[in-house]
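K.L.:
Note that the protein sequences, when read in sequence, are chains W and Z. Each residue of the first sequence is one higher than the one before, starting from 1 at the first, in the numbering used here. Each residue of the second sequence is one higher than the one before, starting from 558 at the first, in the numbering used here.
Some clues are possibly wrong.
[Unchecked claim] Straight-line alpha carbon distances no greater than 20 Å define the calculated SDA-like cross-link-like pairs of lysine to any residue that follow: (1) W:Lys218 x Z:Arg694; (2) W:Lys100 x W:Phe46; (3) W:Lys56 x W:Arg324; (4) W:Lys218 x Z:Phe672; (5) W:Lys218 x Z:Gly697; (6) Z:Lys1142 x W:Arg204; (7) W:Lys68 x Z:Arg1102; (8) W:Lys59 x Z:Lys1142; (9) Z:Lys576 x Z:Phe591; (10) W:Lys480 x W:Glu414; (11) Z:Lys1132 x W:Ala62; (12) Z:Lys1132 x W:Glu55; (13) W:Lys218 x W:Phe117.
Hints in this document: simulated from the structure, not taken from any laboratory.
In case you want the letters, here they are:
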Amino acid sequence: MKEQTLIDRKKNLLLIIIFQVFIFISLVVALFLAYSLTKKYVENEFTSEKVDVQEKTVKPYAEFFQNKIPEISFYQGFLDSASVVKYVDTILTKYAFINKVVFFDTQISNHQIDDGFKLYYFHIGPKAVYQFSRGIQHDSITLYKSTWPNPLSLKVSDEFTKMAVKFSAFVESSDTTRALTTDDQLNTFYNIRPNVITFMSIPRREELSIFKELMFKKLSRSLLYEQDILSFQLTPFKLPIKNTHPELYQKIEIKPLVFEPVDTDPDNISTDIPLPGAFSEYKLYFSSSRSYINREIKNRFFPIACGLLFIYSVLVAVAYLIYRNLNINSRMFKLQYDFINNLTHEFKTPVSVIKIAGNNIRSTTKLSDKERMHYGKILDEEADKLNDLMNRLLSFTQIENKSIHTKIETINLEIFTQNVIDAYQLKYPNFNIEYQVKGDTLFKTDATLLGSLFYNMIDNAYKYSKADSRQLNISIKSDKKHVVFKFKDNGIGIAKEELNNIFKKFYRIQSEYNQKGSVGIGLAFCKELVNFMHGEISVKSTPGRGSEFTIILPHEI
Amino acid sequence: MLAIILYFAACKQHERAVKIPLEAFFRNSGKSSFQISPDGKQISYVQNQLLYVQDLDGKKGRNLTKKADRIIGYYWANNDMLFYRSAARDKRGERLIAVYTNGKPSQELLPRGRFKISLINPTRIKDNTLFLALNLRDSGLFDAYKLDIAAKKLSLVFKNPGNITEWYVDDDNQLRLAVASDGVNKTLMFRENSQDKFKPVITTNFKTNIKPVGFCRQNKSCIYALSNYGRDKMAIVEFNCLTGKEEKEIFSHKDVDVVEAGYSTKRRGINYAVFETWKKQRIYLNDSAKSVYQKLEKLLPNTEINILSRDSAEKKLIINTFTDVTPGVFYLYTLATNKLLRLSEPDSALSENNLCPMKPQSFKNREGFTINGYLTVPKGSSGKDLPVVVIPHSIAESRNSWGFNSEVQFLANRGYAVFQMNFRGSTGYGKEFYTAGFKKWGTAIQDDITDGVKWLIDSEIADPKRIAIYGTSFGGYSALEGLSLHPELYACGVSYSGFTNLFTFIKSVPPYYKPYQQMFYEKVGNPETDADYFRAYSPIFHTDRIKAPILIAQGTKDPRVNVNETNQFVRELKKRGVLVTYILKQNEGHSFRKQENRQDFYRQLEKFLAEHLTKH
Chain W
1 MKEQTLIDRK KNLLLIIIFQ VFIFISLVVA LFLAYSLTKK YVENEFTSEK VDVQEKTVKP
61 YAEFFQNKIP EISFYQGFLD SASVVKYVDT ILTKYAFINK VVFFDTQISN HQIDDGFKLY
121 YFHIGPKAVY QFSRGIQHDS ITLYKSTWPN PLSLKVSDEF TKMAVKFSAF VESSDTTRAL
181 TTDDQLNTFY NIRPNVITFM SIPRREELSI FKELMFKKLS RSLLYEQDIL SFQLTPFKLP
241 IKNTHPELYQ KIEIKPLVFE PVDTDPDNIS TDIPLPGAFS EYKLYFSSSR SYINREIKNR
301 FFPIACGLLF IYSVLVAVAY LIYRNLNINS RMFKLQYDFI NNLTHEFKTP VSVIKIAGNN
361 IRSTTKLSDK ERMHYGKILD EEADKLNDLM NRLLSFTQIE NKSIHTKIET INLEIFTQNV
421 IDAYQLKYPN FNIEYQVKGD TLFKTDATLL GSLFYNMIDN AYKYSKADSR QLNISIKSDK
481 KHVVFKFKDN GIGIAKEELN NIFKKFYRIQ SEYNQKGSVG IGLAFCKELV NFMHGEISVK
541 STPGRGSEFT IILPHEI
Chain Z
558 MLAIILYFAA CKQHERAVKI PLEAFFRNSG KSSFQISPDG KQISYVQNQL LYVQDLDGKK
618 GRNLTKKADR IIGYYWANND MLFYRSAARD KRGERLIAVY TNGKPSQELL PRGRFKISLI
678 NPTRIKDNTL FLALNLRDSG LFDAYKLDIA AKKLSLVFKN PGNITEWYVD DDNQLRLAVA
738 SDGVNKTLMF RENSQDKFKP VITTNFKTNI KPVGFCRQNK SCIYALSNYG RDKMAIVEFN
798 CLTGKEEKEI FSHKDVDVVE AGYSTKRRGI NYAVFETWKK QRIYLNDSAK SVYQKLEKLL
858 PNTEINILSR DSAEKKLIIN TFTDVTPGVF YLYTLATNKL LRLSEPDSAL SENNLCPMKP
918 QSFKNREGFT INGYLTVPKG SSGKDLPVVV IPHSIAESRN SWGFNSEVQF LANRGYAVFQ
978 MNFRGSTGYG KEFYTAGFKK WGTAIQDDIT DGVKWLIDSE IADPKRIAIY GTSFGGYSAL
1038 EGLSLHPELY ACGVSYSGFT NLFTFIKSVP PYYKPYQQMF YEKVGNPETD ADYFRAYSPI
1098 FHTDRIKAPI LIAQGTKDPR VNVNETNQFV RELKKRGVLV TYILKQNEGH SFRKQENRQD
1158 FYRQLEKFLA EHLTKH
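Working from the sequences, and respecting the hints, build out all of it.
P.N.:
Printed below as a string of structure tokens:
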């Protein structure tokens, strides 16, 4: 039997060790995988998030290109030197990357326009040219006016001429019955080259057909149709760089497209992405040192590692709880087994005594009065024992299932205690019981239940005391709310580690004093009783010196 | 017993009107444009863009136009012939087409070409002579021509020196009156005989109008005119074209303009004057006209009556009647028998019981002017705490009138109160009121709309959380400005071909309107000198201010509102997270023509309003 448990224990231990090793290995593997994935992820991000930075950085440019430039068309060619100032002002204050704006107040007709461009009968030429920029001298705003004697300088007219040629070609070939497509618009009315965007207000369909007529038909002198051409000079270096991922990119710069770093430091990692549109000759150049990236990897790995550790600790805790539950179950099983063992033993003694007495009575032919008295007494006593045993079992189950019916009556604690002690003095003449009652002696309770408590406490005190020091002191103190009963004996006491177990069902302290006549339900029964009466039970004990049980019962149940 | 009747009456009051299907409100079909032949023996009408002729009793109805040409307007030339203006599908210009009731094949009256037609005397044709103005020489100039419609002979009557915009022919087929305009100022030109030279009579600014109505009977130099020269409200006057002086005021009203002078060509005199307060009212200036109208009013009580056409003897009339809850019905009225013959059946779905009366309603704006308008409250409602749709009218210089309006009735039938108002700049209330709207788009005009909405809230008619603003064209512009300037006031807005950009609007004045450009500049603003105002009050520059859900409808071929701009506008709004429902219809202009497109718009309008004006 003992060998078996030892093997079992060894098996268990092995299992536990295997389990722990397995857990540990998988933890290490998981941590390792997590680290390498994080590293790969951060390195990937370093190359992929540049798109995000580029998008955020060119956002003002995109906004300018998509909203502010088409807005020129909203003015339908009506912009002049006064109203253009307001438009340009908003742009120059909002977009730092615009250096200079040149405004060509343009006219279209079928007759000669100075400094203009001509295709068939179609003439397009500037009425006036203005330039705007931050801090420009007032007198240098106007570059050209058609009323001035000197012609438009080639340098200034360059953008205008390109646009005029483009537009004339479009008018020549366009199908004016068809609505303009986005492609037409982008190809004709925008001229985008590095650092310069030129835009011409998009005429309405009706005007386009008029222009076409002007171009091909010899008509009388036409009106002057107004168009606006604005040319924007840009610089990419004024684009505010938005480092949306400072954790990844140590440094972001705008560099020419052909730029390559001179010092190819192996500890530096870098990537780049070209800028769109008019800035296409430049790129965003991103660089970070290896240690900078490593720090980011660590920063990201830390919470993952914590998470992993947490999950594993939860796993271990769950495993421990399962193990403990299994342990308790097996102990309960053992306790029940013991209990039945004890109970059988308890029953066996009186039953065998009765059997022997029965045999003796049957085998004797004639029974003397003395013998009859003797056997009668034995039978009576043993039957009482059995009865007592069964009563106790029965009442315990009843209490446990709360199926007991109480009968509340007022008792005098002093008389009640005296009666109990008197009964015991008869039973155990060498058991010295003393008592004191303080405070109110009247107590409303179920006398039977209270009696049970007293019997159990006194029985225990008797049972666990050495024959020469059987003593018990019962002190009862009553205050407004509670009655406190203290049972103090000079018995063997209870070891500290056992104190928690003594109120458990079927638990018996392994000791020479309870080999006989104990089933291990006494104190458990007391606890159930006290609980039932809404009270508390506690114990203080010193091994070898004695124990003190305290029961507190409330006046009102 | 009485109690029971009262109880049922009370019940009925609270009953909601039956929901009328949307299609019933917006059907293009139905017979319209009834006219009677000069001999009074035949009746013509238009149905589904086709011209029909029938006998008086409705028999022998036959179609005269085969192809579905777009008929712009048609007239009886004589007893056998009708002619109509038509826009060719290929847009190469307008045509004048003659059709015959006796089965003769139809023919074009004018040579083919790219020109526009402006008819001068289509309803007063004598001796087969039609006067008309054509821009044959120059797309910007109209010359007056005489067309013998029997012989198809076109001859130039008067070569436009460059500034003539209107012509008038007297009842002896003499072109004796013209109006010259430099865009801002108008000059009345007169000659006593067609051989003479035109002499300027009087020059007025375009805000002042002297509108010739007809020539007087005896005095050759006397004309009848609607005039507000030297006065604020239009009046009917006798005007001497030799002296340039007003001879006599025939009728005027102290509060409103006279809107119509009923001139009789037979009598060469004024029969009646019509002025419009909250509804049109007629004052009779001639006893025979009075007796005719009074007989009609007895036959058709409580309705508006218009005489649309009469035979040359003026014995048979075609009339049209309507109220706020009945769409138009056409009758033939025979004076001799005092009998009415119904020519068209109204749509049975639009029963009077389910439509809602349109009530005149006025309020004071922030400057203390009285602004007049109309309130249509859904049937069976308490009249308090209602969801309201505010509809600014679609042309700034026009007015809302009392009568049947299918859009208003549709919205009222769906449970919305409809509020329309004649804000400053509206016509009909005199010169001062009209000019008060000049260059006030988005400002004073918008203030009046806003004040109207605030009045609705203060008088507890409107639930302040459930007010929508909806308009077409200028009304759409006002809706956009309303959402942009007063986002706190409107739960949502609808712009149907609304102007988004005043620059574009000004630019869209077509070239043959060039003389009027200066006038437009004065009315709306000059895009160069008023660029700041244009910028500040063009919704396209201020998409960031609009927050409320918005429905925008646009035709791709709208000459007034640039589809690219509307696209851009919608894109911007969407980017800013505004809930936009965008209805873009291919091949539609400033207002949707195709029935399914119209119905689809109203279906979406219904859904949109239901979504954003329901009680939360």
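K.L.:
Hint by hint, say whether it matches the structure.
P.N.:
Results of checking the hints against the structure:
With a C-alpha separation of about 14 Å, the suggested pair W:Lys218 and Z:Arg694 falls inside the 20 Å cut-off, and the hint holds. A distance of roughly 36 Å separates the Cα atoms of W:Lys100 and W:Phe46; the hinted pair therefore is violated under the 20 Å criterion. The straight-line distance between the Cα atoms of W:Lys56 and W:Arg324 is roughly 58 Å, outside the 20 Å bound, and the hint therefore fails. A threshold of 20 Å between alpha carbons decides the hint, and for W:Lys218 with Z:Phe672 the separation of about 18 Å falls inside it, so the pair holds.
About 16 Å separates the Cα atoms of W:Lys218 and Z:Gly697, which keeps this hinted pair within 20 Å; it holds. A C-alpha spacing of about 19 Å is found between Z:Lys1142 and W:Arg204, which places the hinted pair at or below 20 Å, so the restraint holds. Restraint check for W:Lys68 and Z:Arg1102: satisfied, since their Cα atoms lie roughly 17 Å apart, inside the 20 Å limit. As the CA atoms of W:Lys59 and Z:Lys1142 are separated by approximately 33 Å, the hinted pair breaks the 20 Å bound.
Taking the CA atoms of Z:Lys576 and Z:Phe591, the gap is near 31 Å; set against the 20 Å cutoff, the hint is violated. With a CA separation close to 17 Å, the supplied pair W:Lys480 and W:Glu414 stays within the 20 Å bound. Using a Cα cut-off of 20 Å, the hinted pair Z:Lys1132 and W:Ala62 holds, with the two alpha carbons roughly 13 Å apart. Between the alpha carbons of Z:Lys1132 and W:Glu55 the distance comes to roughly 16 Å, so the proposed pair stays at or under 20 Å and holds.
For the suggested pair W:Lys218 and W:Phe117, the alpha carbons sit about 17 Å apart, so the restraint of at most 20 Å is met.
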